[in-house]
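Undergrad: These are the residues of each chain, in order.
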Amino acid sequence: MHVREADALLTPMINVKHLSKNYGATRAVAGISFEVKQGEKFILLGTSGCGKTTTLKMLNRLIEPSAGEISIQARKITAQQPEMLRRSIGYILQGNSLFPHYTVAENIAVVPRLLGWSRDRTDARVKELLEKLHLPREYANYYPAQLSGGQQQRVNIARGLAADPPIILMDEPFGALDPVTRTHIRKELVQLDEYEKKTIVMVTHDIDEAFEIGDRICLMDKGRIQQQGTAAELLFKPASDFVRSFFSGHYLQAALKTVKLRDIWYGFDAEPGPVIMTSDYSIWDAMEKMGDKNAIYVADKNNGKVKRIGKDSLLRLFSEYTATLQ
Amino acid sequence: MNEQQSLWQFMAQQRDKLFEQALQHIGLTFISLLIAVAIGLPLGILIAKRKKLAGIVLGFAGIMQTIPSIALLGFMIPILGIGAKPAIAALFLYALLPIIRNTYTGITGVDPAVREAAKGMGMTPAQVLKNVELPLAMPVILAGIRTATVINVGVATLAAFIAAGGLGEFIFGGISLNNTNMILAGAIPAALLAILFDFLLSRIQSLSGRKLRMAMLLLPILGFLLSSFYLVPAAYEGKILAGFTPEFMGRTDGYLGLKQKYGMRVRTVVISDAVMYKAVYEKKLDLISGYSTDGRLKAYDLLSLQDDKNIFPPYYAAPIVRAEVLQQYPELEDALNLLAGRISDSIMTELNYRADYLHELPDKIAKDFLTSNGLYKEPRNGKKATIRIGSKIFGEQYILINMYSMLIRGYTDLDVETKTGLGGTKICFDAMTNKQIDMYPEYTGTGLLVLLQADTETVNKLITDKNAVYEYVKDNFMSRYGIKWLKPIGFNNAYALMMRKRQANELGIKTISDLKAYIDKNK
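Protein chains in written order, with the numbering used here: chain A, 1 to 326; chain B, 1 to 523.
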């Protein structure tokens, strides 16, 4: 989930420079710049009207910028036909954006068809994605209206992934779902084998979602970037009162999700036991797993050393850690 | 039950004609529909993409829709003549609005999220249109085509007015001849066609996915097939094209008589009398069935051919008056008879021309005529009693009753009340027998055939002799209804075959027999 060192040395996958979009006198996006590295999960976070969706749509030229420049893999996106650009970038929207007159299989096959894939290759890919997203094979011939909201969203994800694009743009993909389904599908996405290597730019207004998925978060307001950085940086080192107040309602939960077990690894005792997770999980995850028990056993992601995580020490160490950050 | 049986009998008897008309009807409907789809669909797409044009295009199509169908057909004649072309053009204009509007509504109604997804996946604008917008708009577009089809099946009946055929020939022929079976023989198939096509299209509309795509491919093919049903009546003979009213076509004293007694075989089309005078004037037709005193005879410089074998019954006009009233006021008869024998065919045509074409008021025309014939006297303003004069709804009758009013006021102490616009013959006559009016001008032929409904034998015996007809109706009206026919006014407003005067002169045609000889010679 985090960026490998080597990747950081490469040119950024996406490079956005001084990007602006004006609608008449209104500045929807006001000269923003950011970079997204290969494999990075980059979140555009903010309230509605902050310019995050406009920014996303400029990346695949659904909206043309008023000023500024966007490069993907060091190539200006204006260098090719917008349709060609879009076919090379995955796009996942809300579930209601499926083509209602196409079957599930036809929906998933849209981009491969546009790219002129052979029928066999397309069919095989559709089958593979249905499996990966836990959709029964017979759903291939269903129409979207016959599916539940969650199933529709799985198809939507499959459609975005179909041609195996290196970059995926996501526009509030889980926005229309109920909280339970939302968490569920989000987990499925994150656990997909294809997910790790994808460069993802996702728009959301949901702080939990941003913290769970994002390697880096870009918080926007009124067309400007208020702060960009890791979840911990935004949470514990807010650049402005706006950033602080933005997270205030969600602070504790966000903090519990942001701080990983490895961050407070030093405070636990080595003790063998049945391992149920690794040290890159968050404190929130550990508490969920713990339930009524007093302790769980966790393995270090790097060296496999097992430690016992007790409930009482977990919360104490968390408080100590956050205190040092602020 | 009887009625129904005879309807089936009629339809069985006329099945060839019925079949031909139904095919023409289907053909007319679908040719115009195909053109309307071919033009309306792209236009609808265009205005869905460029919304600024939507107002103008939808406005234009909307205005077309509001033009009464018969008027639209009328407008088409100077441009496209008569026959299939103007009918198809008019039907096309009617079908246009529902198709354009539903295409526009269908495409603009596509969920923006879906459209954006299509764009975002990398579809070109043409691919978005073809793969997403059109398929999703298709049920709405089909609903528009359905509406247009049903409208066209209905309006296509009017094609019979301008010689384009179709089931309207039976419908309007039946109305003119007061033949219910004939009306139903046209109307029932027309209604069935509308229901059938509506049903078939509703089935297609409810298809989805692949089946719909299949249907979309088949539909134009089917449309072409149905369009081909409209075979312009083949193998015409001769150089003369005749346009007859549906009524004339079906009457023994009309085209049937022409065939029987003159042995005439001429290329005919069915047309409404509202447009036929103009059509012959504009050389779209060569021969029409008109009325001998119609003002348009003069307006369009037409010649009325002499009926040398007397197949058209005489329609001499005369005032008919309740005998009771004449007994009470004997001076009335003298006043009304002042007009007897005064107005010949050509004079009446002239007077009608002034009313219908120069739009002069009937009372002015009446006064001018009386004055120039030395008959006009200033009203005496007598109040002895009031004579109620009725008239049918047409110009000639208005002129006549104005003359009668002036004569009665000038020559007697009686006053006059006019009740104009009593519709047709039946209404006038019923008003008279119910003593709601005292007199109105009637025609001998109408008296014989419509009011007395004389049997065929009597009609055949009398019909060649105008005096015999007059005497027969006079006697019978008096004995049966107590109504007196006064002396005829002079003119005979009968059926007549008419040609352009110039063409008739060039061909040396004066009588119907001359025409027949010419047609036979030039086969």
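There may be inaccurate statements among the hints.
[Unchecked claim] As a list, the in silico SDA-like pairs of lysine to any residue whose alpha-carbon atoms are at most 20 Å apart:
1) B:Lys211 - A:Thr103
2) B:Lys130 - A:Met84
3) B:Lys211 - A:Tyr143
4) B:Lys49 - A:Tyr142
5) B:Lys49 - A:Ala140
6) B:Lys130 - A:Gln146
7) B:Lys130 - A:Glu64
8) B:Lys130 - A:Tyr102
9) B:Lys130 - A:Leu115
10) B:Lys130 - A:Glu83
11) B:Lys211 - A:Glu64
12) B:Lys211 - A:Leu115
13) B:Lys211 - A:Leu62
14) B:Lys49 - A:Leu115
15) B:Lys211 - A:Gln146
16) B:Lys211 - A:Met84
17) B:Lys130 - A:Thr103
Calculated from the structure, these hints are not laboratory results.
Undergrad: Given the hinted pair Lys49 (chain B) and Leu115 (chain A), is their alpha-carbon gap at most 20 Å?
TA: Between Lys49 (chain B) and Leu115 (chain A) the Cα gap is close to 26 Å, so the pair fails against 20 Å, i.e. violated.
Undergrad: Below or equal to 20 Å on CA atoms is what counts here, so check Lys211 (chain B) against Thr103 (chain A).
TA: 13 Å, holds
Undergrad: Can you confirm whether the C-alpha distance between Lys130 (chain B) and Gln146 (chain A) stays at or below 20 Å?
TA: Judged against 20 Å, a Cα distance of about 24 Å means the pair is violated.
Undergrad: Does Lys211 (chain B) pair with Glu64 (chain A) here, judged by a C-alpha cut-off of 20 Å?
TA: Violated, because 38 Å separates the two Cα atoms, which is more than 20 Å.
Undergrad: Does Tyr142 (chain A) sit within 20 Å of Lys49 (chain B), going by the straight-line distance between their CA atoms?
TA: Violated, at about 31 Å.
Undergrad: Would the pair Lys211 (chain B) and Tyr143 (chain A) pass a check requiring their Cα atoms to be no farther apart than 20 Å?
TA: 14 Å, holds
Undergrad: With the threshold set at 20 Å, check whether the alpha-carbon distance from Lys130 (chain B) to Thr103 (chain A) stays at or below it.
TA: Since the Cα atoms of Lys130 (chain B) and Thr103 (chain A) sit roughly 17 Å apart, the hinted pair holds (cutoff 20 Å).
Undergrad: Straight-line Cα separation of Lys130 (chain B) and Glu83 (chain A) no greater than 20 Å?
TA: 15 Å, holds
Undergrad: Are the Cα positions of Lys130 (chain B) and Met84 (chain A) separated by 20 Å at most?
TA: Distance ~18 Å between Lys130 (chain B) and Met84 (chain A) Cα, so the pair holds.
Undergrad: Can you confirm whether the C-alpha distance between Lys211 (chain B) and Leu62 (chain A) stays at or below 20 Å?
TA: Distance ~32 Å between Lys211 (chain B) and Leu62 (chain A) Cα, so the pair is violated.
Undergrad: Is Lys130 (chain B) within 20 Å of Glu64 (chain A), Cα to Cα?
TA: 24 Å, violated
Undergrad: Do the alpha carbons of Lys211 (chain B) and Met84 (chain A) lie within 20 Å of each other, as the hint requires?
TA: Since the Cα atoms of Lys211 (chain B) and Met84 (chain A) sit roughly 31 Å apart, the hinted pair is violated (cutoff 20 Å).
The structure shown violates the earlier hints numbered 4, 5, 6, 7, 11, 12, 13, 14 and 16.
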